[in-house]
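Engineer: Chains as they are written, first to last, in this note's numbering: chain A, 1 to 266; chain B, 267 to 900.
By construction, these hints were calculated from the structure, which means they are not laboratory data.
Since the model is a prediction, treat every value here as computed from it, not as a measurement.
Please note: incorrect hints may appear among the correct ones.
Claimed, not checked - Simulated DEER-style distance windows between Cβ atoms:
hint	chain 1	residue 1	chain 2	residue 2	range
1	A	D34	B	G747	48 to 58 Å
2	A	N83	B	P454	28 to 38 Å
3	A	R204	B	G747	54 to 64 Å
4	B	G585	A	S154	44 to 54 Å
5	A	E75	B	H353	50 to 60 Å
6	A	A19	B	E447	27 to 37 Å
What the hints assert, rightly or not - Far from chain A by the CB rule (all over 12 Å, computed), these chain B residues:
hint	residue
7	F381
8	A432
9	A767
10	L777
11	I855
Using N, Cα and C, we set each Cβ at its ideal position, and we do this for glycine too.
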Amino acid sequence: MRSVPASRLARNELAGGDAEPLLRVTGLTVRFGDFVALRDVSLDLYGRGIHAVIGPNGAGKSTLFNAISGFAKPEHGNVHFGNADVTGERADRLARLGLARSFQMCATFPDLSVADNVRTALLRDVTGIGLLRRRGGEKLDPAIEGLLEETGLSSERYRRAADLSYGRRRLLEIVTTLALRPKLLLLDEPMAGLAREDIPAVTRLIDKAAEDCAVLFVEHNLPVVERLAKRVTVLAGGSVLCEGSYREVASDPRVREAYIGDVGDV
Amino acid sequence: MFDLVLGYLIIGLVNGSFYALLSLGLALIFGLLNVLNMTHGALYMMGAFAAWAAVEKLGFGYLPAIGLASVGVGAAGIVIERCLLRHTYKLDPLYGFMLTFGLTTAIQGVFQVQFGSTGLPFAPPAWLAGGVDLGFMFFPTYRLWVVVVALAICLGLWLVIERTSAGATLRAASENAGIAEALGVRVPKVLTATFGIGAALAGLAGALAAPVYQVSPLMGSDILLVVFAIIVVGGMGSIGGTILASYCLAIIEALIQAFYPQAANIVIFAFMCVVLMVRPQGLFGISVVRRHEFRAARLPATREAGIAAMPVLTPVVVGAAIVAALALLPLFVYPIYLVKIFCFAIFAVSFNFLLGFAGIVSFGQAALFGTAAYITAQALKVWALPVELAMLAGIAAAIALGLIMGAFAIRRRGIYQAMITLAVAQMVYFAYVQAAFTHGEDGIHSVPRGILFGLIDLRDDRAVYALAAVALLAVFLGLRGLLSSRLGLLLVAIRDDERRALSLGHNVNALKVAAFAIASACAGLAGTLSAVAFQLATLSGAHWHLSGEAVLMALIGGIGTLTGPLVGAVVLVTMQQFLVPFGAWVLVIQGVVFALSVLLFRDGLVAWIGPALKRTRSWPTFRPSAAIQSGTRP
Ligand SMILES: Nc1ncnc2c1ncn2[C@@H]1O[C@H](COP(=O)(O)OP(=O)(O)OP(=O)(O)O)[C@@H](O)[C@H]1O
Ligand SMILES: [Mg+2]
């Protein structure tokens with residue numbers, strides 16, 4: 001899986017070319033009462049690589065994620081995932097199809113242990129009588145054990161998630177999401193609220209995740225965006241302002257304008 | 267025909283006036299304090315008594331009397347808010363709800379002790395006596411007066427809230443208390459004032475209602491649930507919406523009263539169910555995820571599966587000790603008394619399991635209990651089924667009803683869920699009030715106990731005790747197994763963070779309904795046991811006061827603990843037994859215990875006893891869940 005030729009990777013990620021996109025968002029509009037949070041947003045995403053969405057506060061980034069992942073109903077527009085039209089599909093079904101997400105406010109299950117948190121992701125396909133079986137043994141499967149090991153969560157597997165530091169909880173959230181073995185990973189501001197020293201670990205984890213799936217992430221921390229993202233979409237006032245490589249986007253005068261008074265310099 | 271319809275329309279307007287005054291106050295309090303005020307019905311009743319006393323005992327005129335009633339009840343509300351409710355603001359909103367639940371029981375109890383349960387007549391003043399000839403019909407002047415006063419007050423309040431700066435302050439505080447505080451609003455004062463105003467409105471409604479209905483201690487108990495349903499329908503999004511919903515639903519109710527009186531009691535609840543299915547946020551509500559719906563019902567007492575709270579001996583020793591204790595107990599204690607404790611414990615489990623382990627608030631468990639009791643009693647007495655089949659039928663009926671109730675309840679969360687389950691249960695209760703087979707107030711009596719499996723003669727109390735003991739053991743073992751199962755894991759996950767569970771691919775609604783079914787089976791088992799053991803099934807078995815007792819037991823023992831319900835049942839049943847000589851004071855004392863438990867012993871007795879036992883114990887733990895509790899830092 002990892003030996004995809006670099007040339008193909010680049011073509012898929014950057015040009016789109018002839019390959020089908022993994023995620024195709026067309027003309028998405030989301031409304032809250034009279035307020036249009038998202039207006040006619042389109043976005044294509046290919047099989048692998050990291051794509052970032054940036055934009056000032058209230059631009060509609062989280063709303064875009066919610067609409068893609070089944071947490072907000074779009075008024076117009078379509079979301080295609082894989083070969084299927086999944087517009088308005090239920091969030092849990094999307095997750096089972098391979099579209100996984102994290103939340104802006106780090107979401108773990110505080111009363112469950114680290115191991116049980118990860119286990120919840122592994123149980124996603126269990127239904128009916130299977131649910132009455134005892135919880136699994138101590139070992140999770142090797143790939144996930146590897147992730148726990150790498151992130152240093154392995155030694156804390158019996159601790160309640162509530163007792164972890166924020167940075168560790170964020171790692172746990174992402175590892176749990178990866179345990180779903182998603183085709184597409186949506187991360188909503190993975191660096192938000194992290195201490196400076198926690199950022200490299202999360203960055204590494206995202207980088208590693210991108211070896212096996214496509215990643216779409218929202219982030220305010222622009223150096224991280226620059227380091228990770230091959231492609232960047234800028235959202236402002238609910239619409240797409242522009243899209244391109246980090247360099248192209250950063251030098252776009254409209255982007256600077258949108259950010260004035262928000263971040264200051266881009 | 268036309269006259270008749272018009273006449274009922276006006277009756278609807280009168281009822282709508284009471285609903286509007288009550289729901290307005292409730293919605294204001296809910297919006298600002300995030301408290302679902304169960305005392306609202308009691309405040310309404312106090313208003314009626316205050317007006318009655320002012321006229322009959324103190325010799326006031328009618329107008330000063332209603333003024334006095336509103337102000338007096340408003341003042342009582344302020345006392346409640348300042349002294350008691352204030353302490354729950356930092357907690358899960360459910361505690362505020364439970365506190366007012368307990369207070370209501372106590373207040374109603376006091377009035378019952380003083381005035382008995384029969385209604386006191388209260389005549390309208392001479393100048394409002396008689397009627398007005400509207401041309402097509404003759405209409406009592408007093409009712410017209412009620413409508414005019416209520417409409418004027420609603421309109422006035424609506425204008426104040428929407429148009430004045432005081433109203434803007436109120437709205438700001440309800441949108442975001444933190445920001446309002448930063449802007450110089452003295453939020454605590456605003457909260458007190460709001461509660462006072464809400465209480466005064468309830469008092470006024472009661473005073474106005476006194477001449478229409480009779481003045482009695484329980485007059486506020488049933489109207490409160492109707493008002494809950496109205497609020498769910500209206501959606502609390504806007505003051506105007508609440509008022510409109512009150513009048514519309516009252517008119518619909520009155521029209522049904524005209525054409526199909528049997529359904530009149532339940533029509534508002536049925537309407538609520540329909541609205542929940544079509545538009546869960548309510549007709550005028552803004553969006554489903556409102557600020558007031560806390561994201562997950564997390565109560566501090568919810569420990570990992572509750573297992574770690576028990577001292578961990580080897581299972582064989584513990585098992586043998588428990589069985590021996592169960593076998594020896596009836597030698598010392600009257601068996602039927604123990605059966606009552608076991609019944610109540612199983613019943614409390616059904617509430618505690620839902621709230622503590624699945625984060626679902628159900629205040630309607632009595633409907634399930636009552637259903638199982640009625641069906642079992644009917645099956646034994648009328649259908650003459652063998653007792654094991656009768657019990658199965660009772661449990662199955664409870665599960666079926668539970669699935670329906672669950673389907674509605676899971677449409678919303680938290681406090682709304684409490685209201686919905688209360689309302690659905692009330693609908694069931696009214697159905698039983700009217701159904702012929704339940705024999706109304708009398709209930710089904712002298713139910714034959716029968717012979718279990720054709721072998722065990724249940725006419726012997728000890729046999730019934732054995733049956734109850736087996737049931738209790740089965741419930742606790744089953745629950746323990748469940749909590750260490752995958753389902754248990756997922757339920758705790760959903761309780762912790764529903765959105766997250768959804769995003770991990772779990773069909774949250776289906777899992778919640780499954781939890782509801784399990785809890786219904788427990789409530790049903792308790793109900794069916796009670797029908798067999800006490801040989802009767804009555805309306806009080808389906809009344810929401812019984813649901814309140816389930817909450818109380820769980821609270822006393824410890825919400826979210828495995829053994830809490832049993833401890834709570836021992837305390838409650840024993841307390842009720844000892845308080846029998848005090849007659850009507852039982853309710854008062856029970857209410858006070860309830861309120862005090864919320865304020866002082868929120869974590870329950872098990873949380874006290876558990877750690878104490880743990881500290882003295884030296885044997886090693888072997889469960890991962892125990893390891894989680896004492897996890898070591900790296
Ligand atoms: N459920 C909702 N109801 C009403 N308005 C909403 C809702 N969710 C979001 N909004 C509004 O939609 C706009 C976009 O919100 P969104 O959360 O998508 O922004 P964002 O780009 O993620 O911002 P941030 O960087 O602060 O996370 C905001 O103005 C927000 O107030
Ligand atoms: Mg956001």
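Engineer: Hints first: check each against the structure and report whether it holds.
Structural biologist: These are the hints, each one checked on the structure:
1. D34/A to G747/B: 48 to 58 Å: holds, 52 Å
2. N83/A to P454/B: 28 to 38 Å: Between N83/A and P454/B, where Cβ atoms are some 58 Å apart, the hint is violated.
3. R204/A to G747/B: 54 to 64 Å: At 41 Å between Cβs, range violated.
4. G585/B to S154/A: 44 to 54 Å: Violated, since G585/B and S154/A (Cβ atoms, about 35 Å apart) do not stay within the stated range.
5. E75/A to H353/B: 50 to 60 Å: Distance hint for E75/A, H353/B is violated at roughly 44 Å.
6. A19/A to E447/B: 27 to 37 Å: 55 Å Cβ-Cβ, so the 27 to 37 Å window is violated.
7. F381: holds, 47 Å
8. A432: holds, 26 Å
9. A767: violated, 7 Å
10. L777: violated, 8 Å
11. I855: holds, 35 Å
In summary, the structure is inconsistent with hints 2, 3, 4, 5, 6, 9 and 10 from the numbered list given earlier, while agreeing with the others.
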